[in-house]
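Construct the complete structure from the given sequences, taking the supplied hints into account.
Order-wise, the sequence lines are chains W, Y, U and S.
Note that our numbering has the first sequence beginning at 1, numbered continuously upward.
Note that our numbering has the second sequence beginning at 1, numbered continuously upward.
Note that our numbering has the third sequence beginning at 1, numbered continuously upward.
Note that our numbering has the fourth sequence beginning at 1, numbered continuously upward.
It is worth saying that the hints were derived from the structure and are not from the lab.
Fair warning: there could be bad hints in the mix.
Stated by the list, open to error - In silico SDA-like pairs for lysine to any residue, Cα to Cα no more than 20 Å straight-line:
#1 W:Lys-150 <-> S:Pro-190
#2 U:Lys-69 <-> U:Val-312
#3 U:Lys-114 <-> Y:Ser-5
#4 Y:Lys-73 <-> Y:Asp-104
#5 W:Lys-134 <-> W:Leu-148
#6 W:Lys-150 <-> S:Ile-6
#7 W:Lys-264 <-> U:Lys-96
#8 W:Lys-203 <-> W:Phe-31
#9 U:Lys-271 <-> W:Leu-148
#10 U:Lys-270 <-> W:Val-255
#11 U:Lys-16 <-> U:Pro-287
#12 Y:Lys-88 <-> Y:Asp-104
#13 U:Lys-114 <-> Y:Ile-30
#14 U:Lys-96 <-> Y:Ile-30
#15 W:Lys-252 <-> U:Ala-130
#16 U:Lys-61 <-> Y:Ala-235
#17 U:Lys-114 <-> U:Asn-75
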Amino acid sequence: MSRLVVKNLTKIFTLGFFSKRYVEAVKNVSFEVKEREIVSLVGESGSGKTTTARMILRLLRPTSGTIHFEGTDIWNDLNDKESLKDFRRKVHAVFQDPFASYNPFYPVERTLWQAINLLENTPSNKKEAIELIKESLFRVGLDPKDILGKYPHQISGGQKQRIMIARCWILRPLLIVADEPTSMIDASSRGGIIKLLEELREKEGTSIIFITHDLGLAYYVSDTIYVMKNGEIVERGDPDSVVLNPSHSYTKLLVGSIPKLYRKMEDI
Amino acid sequence: MASRSAVKYILRRLIFLFITYVVATTIVFILPRAIPGNPLSQILSNLSRVAQSNPEAIRAAEKNLMEEFGLGKPWYLQYVEFIGKALKGDLGTSITYYPRKVMDLIVPVIPWTLVLILPATIVAWILGNSLGALAAYRRNTWIDKGVLTGSLVVSQIPYYWLGMIFIFFFGVKLGWLPVQGAYSQGTIPDLSWAFFMDALKHYILPFLSIVVSAMGGWAIGMRLMVIYELGSDYANFSEYIGMKDKRIFRYVFRNSLLPQVTGLALSLGSVLGGALITEIVFNYPGTGYLLFKALTTLDYPLIQGVFVILIASVYLANFIVDFVYALIDPRIRIGQEE
Amino acid sequence: MENVLLKAENLRAYYKLEKVSVKAVDGLSFEIYEDEVVGVVGESGCGKTTLSNVIFMNMVKPLTLVGGKIFLKVNGSFEEISALSRDEVKEKFWGKEMTIIPQSAMNALMPTIKMERYVQHLAESHGLDARELIDKTLQRFKEVGLETSWLKRYPFELSGGMRQRAVIAVSTILNPSLLVADEPTSALDVVNQKVFLKVLMSLKRRGIVKSIILITHDIATVRQIADRMIIMYAGKIVELSPIDELLEKPLHPYTEGLLNSVLTPEPEVKKRGIVTIPGAPPNLIDPPSGCRFHPRCPHMMDVCKEKEPPLVEIEPGRRVACFLYAGERT
Amino acid sequence: MFLTMIKPLFKNKKFIIGFSIFIIFLLMGFLGPVFYRVDPTEMTWDYEQPPSPSHPLGTDTYGRDILAQLFHGIRSSLYIGFLAAIISLVIGTFIGTLSAVKRGLVDDTLMAVTNIVLTTPSILIAILIASYLKVRSIEIVALILGLFQWPWFARAIRAQLMSVMSREYVNLSIMAGYSDLRLIFEDLIPTIATYAFMSFVLFINGGIMGEAGLSLIGLGPTRGISLGIMLQWAVLMEAVRRGMWWWFVPPGLSIVAITASLLVISTAMDEVFNPRLREE
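Written out as structure tokens, the structure reads:
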């Protein structure tokens with residue numbers, strides 16, 4: 001059974017007060033994510049991939065279409081507080097900008113406390129909770145001594161992104177939406193973040209949706225790739241078929257334009 | 001080459017200002033009716049105090065007042081009548097100067113206020129912006145520090161208090177310039193050279209007090225804008241390809257000035273407020289002085305009339321500034337590509 | 001030496017703050033030959049953007065040239081531009097001999113005047129005939145793939161990619177010999193990135209610019225157009241090498257790590273896997289002793305903590321700063 | 001966190017100067033009337049006297065002591081300023097926050113109202129309202145002034161919150177199950193705190209200046225002495241043209257000193273918290 005089923009998802013933004021303009025950000029998008037599956041939505045800015053992610057995370061209401069998570073329609077069936085909390089526990093996110101992921105007014109562990117408070121079995125006392133936080137930090141290769149009590153500006157971007165994954169380790173969600181999780185950190189730290197997400201999948205069976213503009217990343221990590229353009233999915237398939245044997249003209253253009261490391265473009 | 005986007009912009013501003021004007025006149029309508037203690041009865045009791053010597057006038061004014069405020073009619077009819085009259089330019093009859101029409105009292109004093117405010121505002125704007133730009137250009141030198149400190153202090157001096165200081169110093173102590181009025185008492189305004197010179201002498205002090213104290217704010221704002229623009233991408237790039245410093249500074253000046261034009265529109269209200277009070281301090285026969293007279297006698301039709309006229313002029317000036325802005329900023333004239 | 005265009009000797013430029021100095025460029029020596037493209041690659045904070053300022057002698061407080069020399073070949077003979085003041089270099093060479101495509105090329109053109117006026121002003125600044133320069137710009141517009149009529153427009157009327165090409169056209173209008181492009185592609189979508197690279201190379205092929213320094217964090221982009229590559233780490237050059245050899249066999253452990261962290265849509269990458277360099281780049285106020293990479297290096301030796309490895313040539317054209325290759329010298 | 005935030009302020013020369021001047025006037029308003037126990041309304045036969053040992057700042061036409069008036073005036077003017085500033089701050093924060101959080105029609109409507117008030121000269125509306133009130137307490141005057149000076153603040157708050165709300169930590173807090181109210185208090189309000197404080201300082205200026213203007217045309221508080229009332233008396237009694245500088249200079253100078261020091265404080269805060277303007 002599929003963990004997430006997105007069907008005919010559409011989002012239309014209305015702009016302007018007097019003379020209204022409509023922007024179709026996402027058009028009739030459908031896809032599924034299975035248990036343990038890593039799916040990538042690949043597209044450039046304006047392709048509607050982030051809007052799609054926000055709708056799946058229940059941060060933005062779709063104009064039409066449905067999103068079913070574990071069989072529940074997340075926009076129509078989550079009416080009471082408990083079921084919504086359950087959804088929040090099971091579907092989580094790692095965002096693009098590690099600097100914007102932390103409120104500068106609070107120590108960085110605030111984000112971990114938020115996760116603790118979301119748990120079904122909240123730890124009975126503070127000591128237990130702190131143990132849980134420390135354990136999650138060890139999991140992502142951080143020493144709690146370097147992290148606890150620090151403010152966001154005192155730690156590096158790579159460390160910030162690791163703490164976001166520690167948040168996921170506390171919650172152990174069924175689905176993680178990772179919106180460009182590596183695009184704003186240095187290349188040398190990128191691999192670590194990807195490995196940590198893969199580890200979650202291996203150990204917990206988590207499904208992951210990568211939202212990314214980076215076809216290289218998608219090619220490397222995904223089981224299935226969806227290529228988006230102007231709000232629509234134009235191509236879908238396993239990484240090798242999408243990248244090595246694209247069928248849609250846009251995908252062909254995209255693959256042809258991306259600079260490669262081991263090949264020199266002929267036409268420059 | 002008015003493009004569609006410019007026309008749209010202007011139209012939008014026009015509609016907005018019209019709505020604003022309707023709202024403002026509605027406030028004028030509501031206030032006397034909504035404030036507890038019924039100010040209208042106050043007016044009537046006040047009336048007898050003002051015009052004690054002439055009982056006939058009182059009765060006439062009373063009747064007139066009842067009619068003008070439409071008392072006794074349902075409120076929505078009162079409102080429609082009120083707005084209709086206001087749009088026709090009929091602002092009613094003064095109580096103090098009965099039976100003169102409010103409009104006839106206001107029209108002759110408007111030129112005095114215009115002559116005072118318009119040049120003073122424009123001169124202050126130009127001087128302030130130039131000083132601010134100069135300070136930013138010579139950032140962290142003594143010129144900058146001097147301009148900044150001076151502007152910070154000067155911008156907080158109320159026009160009218162600076163007026164008092166000027167009157168005391170240049171008028172009373174040094175005796176260089178006349179201490180009140182727009183022209184010498186006893187002279188009759190005409191188009192002669194002598195009258196012009198006399199008016200000019202009376203003009204200098206109120207003019208200067210507005211210019212000097214309004215300048216500071218512009219200088220502070222412009223300094224910040226220029227500092228910001230000097231670090232902008234186009235300034236850096238122009239330098240890298242060998243554009244002369246003088247030219248880059250002109251670019252920066254131009255681009256910093258654009259927001260200051262919009263700032264001018266927003267500041268008009270407070271400039272006007274300050275200038276009105278300055279007129280009172282100088283006994284300068286403009287709108288502010290008329291308003292002051294009306295307030296001391298609680299001549300409500302006149303107060304309302306002055307208010308409606310002043311608000312309308314501020315909106316009109318606002319619109320003119322918007323129009324000029326649309327002309328000089330190509331991003332509005334042509335329309336920015338999203 | 002005769003085909004060298006730019007030569008840097010032991011360049012050191014620090015941001016001198018109140019109490020501390022940020023050693024952003026700390027002892028760089030390299031040369032740029034005529035008719036070549038050199039990629040300068042490194043992670044954020046390695047000093048590569050500061051290097052572009054130093055090349056232009058664009059020393060604005062608190063950035064200060066602490067030591068070293070830069071020579072630029074002008075009309076066949078070398079000028080020591082590091083001996084001149086910023087204003088002198090600007091007056092004599094900026095726009096004429098050396099030019100830049102800035103990181104934020106989208107906003108680089110004066111927004112509230114038409115581009116034609118801008119070119120006129122540029123002609124005035126350089127004491128040239130305006131008509132001639134406009135004609136030249138029209139020609140250049142055609143070469144970078146822009147409609148000539150667009151010169152009569154405001155920059156904001158063009159799309160981002162087109163604006164970037166207009167910037168290239170304007171910045172190279174006086175045929176400068178050296179072009180420095182600082183992260184020029186980061187704001188563009190991949191299709192426009194490729195167009196940009198094509199335009200850049202066509203300018204070079206036509207001889208409008210002689211040499212290009214491309215500063216970027218993206219090795220795959222550099223790989224497409226560069227002849228040689230400089231790898232920077234923490235304010236120093238760790239490796240300098242022709243590109244094919246470098247990709248074939250990276251010498252410095254940092255270079256190796258960097259290469260293996262690149263993800264491009266290629267089967268080789270999937271096979272290779274992805275590598276992480278543990279730790280984070282040091283801060284440049286108080287960098288580690290000895291080799292600045294030693295705390296993160298998988299091959300760290302005792303000597304690395306104490307002594308700084310010099311940048312030495314170990315193969316023709318290949319220089320590396322690492323003690324692993326100390327034996328191979330001589 | 002709070003201490004580390006305000007510490008750099010006390011290293012800024014401008015801030016120290018502005019803060020010191022303001023504190024001096026604050027003390028004059030608070031302690032002046034306590035230590036200088038002269039009744040500012042008591043009329044004596046020593047009228048229109050220049051400064052002398054018995055009346056350090058001289059007397060007015062009714063023989064009232066100017067220094068005593070000044071202390072009481074500073075106190076009332078500061079009180080009006082603070083009160084008006086609180087009112088403006090509350091309205092502005094409420095409208096700005098609601099606009100940014102609710103978006104859509106609520107936002108459009110509130111911003112239309114804001115723009116209307118912004119374009120309308122606040123001093124004129126204040127004059128109109130005040131003219132209908134027969135009795136005006138100090139609090140009423142502060143209310144009239146506070147009601148109309150919030151629009152620019154509401155707009156700025158809205159813009160700032162909009163940008164904060166696009167930050168991902170807000171999404172993360174929503175995903176942690178925060179209610180709107182908790183989100184506003186924990187994530188949104190702290191980020192606008194320094195800006196709100198700077199604006200508060202400028203609102204005080206608006207209140208003090210507005211009171212002086214209203215008083216000068218005879219629409220100030222009907223009881224009590226403020227700096228504006230002192231100026232009004234001076235103008236009514238022709239103190240300027242009769243050369244009684246000790247009467248109109250002190251209150252005006254106090255207004256300028258208080259408002260300028262507050263402006264300097266706000267500017268210095270901008271410099272400290274806004275790195276682009278920081279001097280190297």
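Quick rundown of the hints versus the structure:
1. W:Lys-150 <-> S:Pro-190: Given pair Lys-150 of chain W, Pro-190 of chain S holds - Cα atoms ~18 Å apart, limit 20 Å.
2. U:Lys-69 <-> U:Val-312: 19 Å, holds
3. U:Lys-114 <-> Y:Ser-5: 18 Å, holds
4. Y:Lys-73 <-> Y:Asp-104: With a Cα-Cα distance of about 27 Å, the restraint between Lys-73 of chain Y and Asp-104 of chain Y is violated, given a limit of 20 Å.
5. W:Lys-134 <-> W:Leu-148: 9 Å, holds
6. W:Lys-150 <-> S:Ile-6: 19 Å, holds
7. W:Lys-264 <-> U:Lys-96: Roughly 32 Å between the alpha carbons, so the hint for Lys-264 of chain W and Lys-96 of chain U is violated.
8. W:Lys-203 <-> W:Phe-31: 25 Å, violated
9. U:Lys-271 <-> W:Leu-148: 38 Å, violated
10. U:Lys-270 <-> W:Val-255: Given that 20 Å is the threshold and the Cα spacing comes to 16 Å, the pair holds.
11. U:Lys-16 <-> U:Pro-287: 15 Å, holds
12. Y:Lys-88 <-> Y:Asp-104: This hinted pair holds, its Cα atoms lying about 14 Å apart.
13. U:Lys-114 <-> Y:Ile-30: 51 Å, violated
14. U:Lys-96 <-> Y:Ile-30: 69 Å, violated
15. W:Lys-252 <-> U:Ala-130: 44 Å, violated
16. U:Lys-61 <-> Y:Ala-235: 17 Å, holds
17. U:Lys-114 <-> U:Asn-75: With Cα atoms ~33 Å apart, Lys-114 of chain U and Asn-75 of chain U exceed 20 Å; violated.
Checked against the numbered hints above, the structure breaks hints 4, 7, 8, 9, 13, 14, 15, 17 and satisfies the rest.
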